[in-house]
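Chemist: Kindly produce the complete structure, drawing on both the sequences and the hints.
Number of protein chains: 6
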Amino acid sequence: MKMKLNLINPNTTWSMTRLIEESAQAVASPDTAIRAVSPDGGVPSIECHLDEAIAALGVVEEVRRGEAEGCDAHIIACFGDPGLDAAREVATGPVIGIAEAAMHAATLLATGFSVITTLERTVVIAEHLTRKYGIHNHCRRIRAVEIPVLGLEDPASQAYERILAEAKVALAADRCGAIVLGCAGMSDLAKRLGIELGVPVIDGVTVAIGFAEALVRCGLGTSKNGDYALPPAKTPCGWAQGLAQQVPVKP
Amino acid sequence: MKMKLNLINPNTTWSMTRLIEESAQAVASPDTAIRAVSPDGGVPSIECHLDEAIAALGVVEEVRRGEAEGCDAHIIACFGDPGLDAAREVATGPVIGIAEAAMHAATLLATGFSVITTLERTVVIAEHLTRKYGIHNHCRRIRAVEIPVLGLEDPASQAYERILAEAKVALAADRCGAIVLGCAGMSDLAKRLGIELGVPVIDGVTVAIGFAEALVRCGLGTSKNGDYALPPAKTPCGWAQGLAQQVPVKP
Amino acid sequence: MKMKLNLINPNTTWSMTRLIEESAQAVASPDTAIRAVSPDGGVPSIECHLDEAIAALGVVEEVRRGEAEGCDAHIIACFGDPGLDAAREVATGPVIGIAEAAMHAATLLATGFSVITTLERTVVIAEHLTRKYGIHNHCRRIRAVEIPVLGLEDPASQAYERILAEAKVALAADRCGAIVLGCAGMSDLAKRLGIELGVPVIDGVTVAIGFAEALVRCGLGTSKNGDYALPPAKTPCGWAQGLAQQVPVKP
Amino acid sequence: MKMKLNLINPNTTWSMTRLIEESAQAVASPDTAIRAVSPDGGVPSIECHLDEAIAALGVVEEVRRGEAEGCDAHIIACFGDPGLDAAREVATGPVIGIAEAAMHAATLLATGFSVITTLERTVVIAEHLTRKYGIHNHCRRIRAVEIPVLGLEDPASQAYERILAEAKVALAADRCGAIVLGCAGMSDLAKRLGIELGVPVIDGVTVAIGFAEALVRCGLGTSKNGDYALPPAKTPCGWAQGLAQQVPVKP
Amino acid sequence: MKMKLNLINPNTTWSMTRLIEESAQAVASPDTAIRAVSPDGGVPSIECHLDEAIAALGVVEEVRRGEAEGCDAHIIACFGDPGLDAAREVATGPVIGIAEAAMHAATLLATGFSVITTLERTVVIAEHLTRKYGIHNHCRRIRAVEIPVLGLEDPASQAYERILAEAKVALAADRCGAIVLGCAGMSDLAKRLGIELGVPVIDGVTVAIGFAEALVRCGLGTSKNGDYALPPAKTPCGWAQGLAQQVPVKP
Amino acid sequence: MKMKLNLINPNTTWSMTRLIEESAQAVASPDTAIRAVSPDGGVPSIECHLDEAIAALGVVEEVRRGEAEGCDAHIIACFGDPGLDAAREVATGPVIGIAEAAMHAATLLATGFSVITTLERTVVIAEHLTRKYGIHNHCRRIRAVEIPVLGLEDPASQAYERILAEAKVALAADRCGAIVLGCAGMSDLAKRLGIELGVPVIDGVTVAIGFAEALVRCGLGTSKNGDYALPPAKTPCGWAQGLAQQVPVKP
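Protein chains in written order, with numbering that gives the first Met the number 0: chain A, 0 to 250; chain B, 0 to 250; chain C, 0 to 250; chain D, 0 to 250; chain E, 0 to 250; chain F, 0 to 250.
Mixed in with the good hints there might be a few duds.
Intra- or inter-copy, both count: the list cannot distinguish identical chains.
What the hints assert, rightly or not - Calculated lysine-lysine pairs in the DSS-like style (CA-CA distance at most 30 Å, straight line): (1) Lys167 <-> Lys223; (2) Lys167 <-> Lys3; (3) Lys167 <-> Lys1; (4) Lys190 <-> Lys1; (5) Lys190 <-> Lys167; (6) Lys3 <-> Lys190; (7) Lys1 <-> Lys223; (8) Lys223 <-> Lys3; (9) Lys190 <-> Lys223.
These aren't lab readings, by the way, just hints derived from the structure by calculation. Note that the structure is a prediction, hence the values are computed from the model and not measured.
Modeler: Printed below as a string of structure tokens:
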């Protein structure tokens with residue numbers, strides 16, 4: 000079944016977009032095409048509530064474009080799942096955040112999991128998501144390695160070693176059976192970590208690709224009944240005019 | 000004690016901004032100055048997840064400006080509390096959403112309350128907030144009268160009569176002791192409704208003004224320790240450049 | 000990527016096993032082989048706590064056989080997810096229940112969903128699962144049409160019409176945006192219902208197939224660290240001797 | 000009031016059945032007769048999800064026999080309460096699990112308690128029960144001493160000393176006022192531990208005996224209205240044929 | 000085993016105390032002596048938060064006297080369980096509220112129960128207790144028949160008929176398998192209601208007697224480690240001097 | 000707007016009443032008069048469940064007197080909020096407990112807070128309140144410095160230093176952004192602690208004054224619809240006669 004997935008990196012660092020695209024390609028079905036993009040406007044990395052708020056609008060724009068280009072589903076590839084609810088309003092296909100994909104997947108593989116994320120200040124964002132998704136009882140603990148998002152790609156940060164070390168602490172102390180990686184930028188480390196740790200190490204990007212394929216194959220899209228119905232048409236003013244017109248693109 | 004409060008109407012309809020300002024003035028201390036504004040950019044009314052996402056950035060901008068102009072605290076006068084967490088990051092004074100103010104206040108006056116809001120599709124937004132604030136056990140039910148936000152000011156909508164009728168249903172059916180008004184645009188109706196219904200009818204705008212004064216008098220501001228610390232300085236690109244520079248304005 | 004999925008119908012009615020297999024084949028990737036089976040021992044339909052308890056052991060046996068035959072993942076195709084935790088202990092690949100798959104999927108497509116199930120007495124079983132999986136806040140209501148599981152295949156039961164009618168009631172009354180079908184035997188009705196209702200109608204069998212493919216492609220299996228580790232070897236006695244030897248089959 | 004209680008040890012180790020019987024006799028009323036049994040088929044100890052699943056069927060069989068022999072109530076003497084819901088379906092008298100009895104009792108004696116159990120891998124089973132019974136807020140922590148169930152009777156295991164030591168750690172660290180013993184095989188240690196620790200040490204076996212007597216004296220049995228109604232008659236096949244016929248024994 | 004139970008009716012209506020005593024005698028063991036009392040000071044019936052607050056002190060006094068007279072356990076025979084925590088501080092034996100006893104018992108007999116209580120205004124008190132005891136998920140609904148406590152004894156109130164009618168509504172509408180009586184003054188109606196309704200009808204007075212006997216036989220008392228330790232000695236002043244001296248009576 | 004607030008110290012130590020009054024005066028509006036009192040009867044400090052129960056009645060009496068003297072709102076200045084529900088029944092104006100005020104305020108300033116209280120045995124009382132108010136997810140931890148309430152005023156207790164030290168531990172270990180002071184007697188330390196710690200340090204007395212002013216300015220009082228309606232008139236007997244007659248004073 001031919002399919003096109005819209006893989007949105009909500010930050011504007013295209014090297015990370017490429018890294019995520021590679022992870023996605025590695026697990027996607029042969030028939031699946033991937034549109035991997037960053038928004039036109041936004042911030043280079045997403046590490047606080049404000050970054051999330053800015054990224055949300057970029058995500059919505061790219062979901063709209065993806066819909067117009069015939070994408071069947073959309074993935075928000077940032078662990079805070081910025082703009083998820085708004086994106087669902089403008090989409091007809093499914094929209095999946097990588098935090099939600101990774102955390103749901105973790106509950107299918109272990110009775111408890113811990114998250115390893117970047118900066119301590121983002122921990123509360125992930126904590127809010129565990130409650131929103133109903134997964135707080137499965138999430139044993141959220142741990143930060145204090146490496147900024149863009150530091151992950153810098154060899155000097157020793158990201159792999161520090162994440163590995165923190166994951167070992169989690170497995171010893173948190174009564175968890177799986178590790179969830181708390182940043183899309185860790186996507187390339189999941190397999191190696193999984194082998195070395197001997198437990199499932201879950202990267203939301205790859206899992207979300209698979210979940211999106213699954214929903215599309217089942218003919219399922221975002222409900223247009225209720226709060227995810229297409230938003231009422233409005234005319235944004237000021238700087239917001241710069242955003243894709245709020246009138247829904249499709250259908 | 001002289002004080003300046005930043006009363007932000009997150010939508011761009013200035014007639015509503017003026018209505019809210021009047022409500023605020025009526026309860027503020029004589030020494031309190033009020034800066035009542037709408038953002039430069041945004042949408043004329045806020046009735047869905049996407050409107051909330053757009054409004055969030057406008058709120059942040061106005062909080063920044065308010066801080067630069069010496070405001071002591073900030074009120075987000077839209078019942079979805081858009082941009083609340085991001086706004087707190089850029090503020091040093093307290094930031095209070097009117098939904099959170101109204102719902103906390105309701106728990107001080109009755110063991111259960113119901114909310115009367117505008118459109119059914121916004122009910123889930125209020126529901127999410129009750130969980131975020133921990134007030135879902137006090138909130139008996141959220142009811143919509145199916146009047147759009149901007150319809151409230153239109154006499155043809157019979158807003159007062161329909162809210163009154165719905166509140167009577169709530170009092171009869173929901174085991175609630177108080178009514179929370181689920182839209183800043185209902186602010187002018189609270190007093191009359193309260194008299195006619197004989198129970199507390201809570202408007203978040205006025206309560207938030209009072210709570211803000213209270214916190215400022217106690218010398219309390221937003222914690223800068225943890226996830227509400229000033230956001231890391233970044234350079235937004237694309238349409239986001241149009242936003243006030245992300246570098247924080249004040250200490 | 001070649002893959003083999005173990006699709007277990009926990010009851011012993013092979014006509015239902017065939018129906019489920021067809022649903023699964025319709026959505027599986029071309030490279031995916033499906034082993035569709037019912038256990039050797041068990042009950043013809045699963046409609047109460049006792050049926051669940053009996054079915055659990057049949058499920059475990061078939062997971063063991065599936066592992067021995069090289070299956071990469073296992074699906075428990077009964078909405079009560081009988082034997083899920085025990086099955087995970089004996090598996091190395093992922094094990095997914097269709098209730099958990101359907102309910103997680105529903106949260107990706109709508110902020111609230113209702114379940115339509117067979118008999119009223121099974122409602123509490125589904126309710127327990129919503130709490131176990133953390134999805135009780137998304138599940139608006141569980142409704143029964145009072146058709147026994149094996150009645151679904153009998154045209155005289157008018158299953159399609161009654162499920163459709165109940166779903167319409169749910170959409171009108173429950174503030175839900177999606178419908179979850181609460182029995183594997185409804186698998187063949189999902190597509191038609193979805194078209195007629197205009198909202199996502201989620202069948203756990205097909206979704207679980209897709210989720211299983213997704214996890215396998217990501218190289219993820221059941222955690223063997225913690226309570227899902229292989230069970231300690233023991234020698235069952237009495238009637239339990241008849242079960243596949245409790246010594247784990249693989250690694 | 001003459002009464003007969005059905006004390007079921009869900010594992011097949013009769014030396015433990017005798018130990019439990021002794022504990023029960025020590026607290027039962029003079030008029031109470033006790034039928035202490037292990038099932039015909041099952042596993043010698045219950046230490047994982049699979050063991051629980053196997054034990055569940057043995058429990059059901061013994062509840063049926065007990066009903067046929069005129070027992071007034073049934074106790075499931077394993078801390079995982081295996082088969083509890085299914086057992087209630089086939090019973091007319093009350094059915095009480097020792098975990099549920101012990102945990103409910105603990106809430107009557109202290110605002111918080113900790114559990115001391117056998118193996119770490121069973122902790123999650125107890126944790127699930129605390130949520131099912133609604134007692135997770137009272138349960139401060141579940142601790143394992145890493146002694147297998149059958150090791151408790153082996154003097155070399157130093158069970159008493161290790162449980163005592165762990166309980167002391169719990170009292171110092173967990174803000175708990177009582178200790179719950181997490182295995183029926185610890186039943187004989189409760190009194191001595193209670194004296195040495197100076198806090199309530201709760202053994203579910205003895206408490207369940209008393210609770211069962213209480214319910215029977217009040218004329219209360221398992222509700223036959225709803226999901227605990229007698230199960231629909233079915234004909235199990237294969238190895239499940241070996242089970243007592245599924246047709247209910249009594250009324 | 001000889002035992003003495005302190006059955007405290009927290010209101011000052013001795014005719015109700017006698018009624019409760021009769022219910023208790025009917026289920027107590029032959030060796031159990033019952034001290035049935037009302038406090039010296041208090042209110043004739045308990046129907047609001049203020050009545051609860053007044054009754055709490057009377058309960059504490061009677062627990063102290065009971066301890067001094069050698070009682071082994073204490074029962075607070077009012078469905079709001081007034082003074083429970085304070086009473087536990089001054090007791091060495093167990094202290095059981097009838098609401099807590101009834102609600103715990105209900106969870107042993109059915110997966111869901113509804114409560115039938117006296118006045119609507121007390122519903123919230125019972126609701127608070129379901130949360131405190133962790134039983135809110137089992138409690139389907141709390142219903143009031145609008146008969147004041149002291150009206151229960153007046154034949155003109157038709158208490159039996161109205162409770163019966165409300166219970167029938169509950170069984171039809173609430174998906175509950177058992178009925179909990181929400182007032183000690185309904186104690187004499189439980190058996191007849193149970194026979195007529197065909198489901199467990201639970202009276203907290205009788206269940207609490209049995210639970211108290213159970214705990215005492217197991218040698219268990221209130222934990223004196225933590226917040227239930229004997230209260231620090233203080234000298235109450237003013238009207239509070241009239242209370243039994245706050246210095247603990249026993250050990 | 001002229002206003003009169005009833006500031007009730009529920010214990011009978013008037014030196015603490017004066018200290019609290021000073022804190023209150025420092026933040027109250029110039030037009031606000033404060034009636035600062037201790038009850039006629041009660042205990043010198045409130046440190047356990049029994050003290051809370053005794054203090055509750057004193058609080059109710061003073062709320063009644065305050066209402067008779069024309070007070071517009073009432074503050075219960077003890078961190079356990081003793082008698083809160085009963086006090087609301089007899090009041091027409093708002094009644095605010097300082098624990099509830101402080102904890103609600105903390106959620107407006109930080110996503111997580113820790114409480115520093117006096118004695119370990121009172122921790123569970125604050126814990127119960129966090130659940131009652133729905134703030135348990137925001138409250139990271141409750142810590143005790145083991146100084147009795149009346150010891151706070153004794154320089155030898157080094158209260159300031161020990162609270163400061165514990166707060167530093169909390170900020171380092173609890174992932175909290177604000178500190179809540181868990182005793183009215185710490186009211187005079189808040190400002191100095193806030194400066195030294197650099198985070199919001201919240202004293203419930205001052206915040207409650209401000210919240211009360213806010214509600215009164217908005218024309219809001221305690222709901223008289225539902226369980227906070229005026230209590231039914233009754234004639235207390237015995238020692239309870241000494242209480243202000245239970246017949247409501249006003250209106």
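Chemist: Are the hints correct? Go through all of them and say.
Modeler: Here's how the hints hold up against the structure:
no. : hint              : result
1   : Lys167 <-> Lys223 : between (43 Å within a copy, 15 Å between copies)
2   : Lys167 <-> Lys3   : neither (37 Å within a copy, 32 Å between copies)
3   : Lys167 <-> Lys1   : neither (41 Å within a copy, 32 Å between copies)
4   : Lys190 <-> Lys1   : both (27 Å within a copy, 19 Å between copies)
5   : Lys190 <-> Lys167 : within (15 Å within a copy, 40 Å between copies)
6   : Lys3 <-> Lys190   : both (25 Å within a copy, 21 Å between copies)
7   : Lys1 <-> Lys223   : within (24 Å within a copy, 35 Å between copies)
8   : Lys223 <-> Lys3   : within (21 Å within a copy, 35 Å between copies)
9   : Lys190 <-> Lys223 : between (37 Å within a copy, 16 Å between copies)
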